[in-house]
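Chains as they are written, first to last, in the numbering used here: chain P, 794 to 891; chain C, 794 to 891; chain E, 794 to 891; chain V, 794 to 891.
Calculated from the structure, these hints are not laboratory results. No experiment lies behind these values; they were computed from the predicted model shown.
Ranges between beta-carbon positions, derived for each pair:
{"hint": "1", "chain 1": "P", "residue 1": "826", "chain 2": "E", "residue 2": "849", "range": "30 to 38 Å"}
{"hint": "2", "chain 1": "V", "residue 1": "850", "chain 2": "C", "residue 2": "826", "range": "24 to 32 Å"}
{"hint": "3", "chain 1": "E", "residue 1": "861", "chain 2": "P", "residue 2": "803", "range": "48 to 56 Å"}
Even for Gly, the Cβ is constructed at its ideal location relative to N, Cα and C.
Number of protein chains: 4
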Amino acid sequence: MATKRDRLTDTEIGAALASLPGWRRDGERIRRDFEFKDFVAALGFIAQVGALAERADHHPELTNVYNKVTIALSTHDAGGITAMDTALATEISARVPV
Amino acid sequence: MATKRDRLTDTEIGAALASLPGWRRDGERIRRDFEFKDFVAALGFIAQVGALAERADHHPELTNVYNKVTIALSTHDAGGITAMDTALATEISARVPV
Amino acid sequence: MATKRDRLTDTEIGAALASLPGWRRDGERIRRDFEFKDFVAALGFIAQVGALAERADHHPELTNVYNKVTIALSTHDAGGITAMDTALATEISARVPV
Amino acid sequence: MATKRDRLTDTEIGAALASLPGWRRDGERIRRDFEFKDFVAALGFIAQVGALAERADHHPELTNVYNKVTIALSTHDAGGITAMDTALATEISARVPV
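All chains should be built: construct the whole structure from the sequences, respecting the hints.
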């Protein structure tokens with residue numbers, strides 16, 4: 794039976810990305826670039842991502858330069874992209890100010 | 794000459810609060826209650842308030858319970874409310890998601 | 794059978810506090826005052842407490858004034874102090890710089 | 794007259810790095826890798842770095858993967874490394890738990 798820790802197939806990843814605007818596949822990761830009005834807004838986003846990641850016990854690769862944040866998600870143990878990545882991507886996307 | 798560290802008069806405080814929706818006077822402080830969609834959103838706000846406060850070298854009294862945050866501002870050295878408080882209140886207000 | 798969401802007895806609370814230096818009982822809460830070298834250090838602690846709380850899905854009452862942070866823990870649904878509070882208190886205590 | 798926004802010479806950079814354990818030169822940046830006990834500790838560090846950066850109005854390039862954080866500092870306007878970078882590096886270093 795498939796679990797959330799199993800690697801998704803290319804078809805499954807494509808289907809998941811269709812519901813994740815801004816996210817793209819980058820090899821064995823999914824990745825999105827975020828841009829905020831300034832550094833302080835980016836920092837508020839990072840704090841939220843951190844709490845969501847700790848709650849999920851699944852942590853992103855995160856890069857920040859001033860008002861820009863890039864998040865990359867992959868499941869190390871599975872050697873690829875799993876439902877844990879797409880679930881966290883969905884939660885993170887909900888934190889972007891509209 | 795008035796500086797930003799001088800206590801504001803009651804008239805000046807009233808005028809400042811007129812441009813600060815949600816803020817009210819509470820004795821020698823100004824105070825506002827914020828409510829967010831959940832704890833994570835409140836935490837993102839707190840991180841932003843922290844960076845703004847450190848930048849201004851002026852720090853609020855902050856209380857958080859789950860999705861609620863209360864901020865109180867006062868200028869200890871002046872023994873009351875100054876332009877530093879109303880300026881930081883303005884900056885903090887701009888961080889609330891609409 | 795006792796669960797982590799059951800109210801602890803006075804005896805159990807006393808026993809738990811014996812292993813939680815700095816924490817004291819305050820009615821139906823446990824509480825500790827923390828002091829850091831400056832506001833930035835307090836903010837780093839708050840960010841950590843936030844992530845731990847979100848992970849535990851159990852959130853403190855938190856107050857911050859400059860380099861001081863007070864944390865109070867209680868389990869609302871149980872109407873008192875439970876093992877969730879003492880567990881989170883233990884985790885929070887481990888985040889204080891020595 | 795030299796200002797904190799002037800590019801440092803190679804000699805000046807070498808002298809500054811001698812007092813900044815763990816920092817190394819990487820072309821037109823200075824860089825340090827930090828490792829913490831876990832993600833939560835890394836997050837607490839990031840929150841502190843964010844507040845320090847906002848206070849200095851000078852922001853790092855920051856990367857985080859689980860318990861690891863890398864900070865790179867450069868002064869864009871100067872096209873290289875300035876006293877703003879070495880000053881912020883000193884402040885950031887003081888935030889690492891011993």
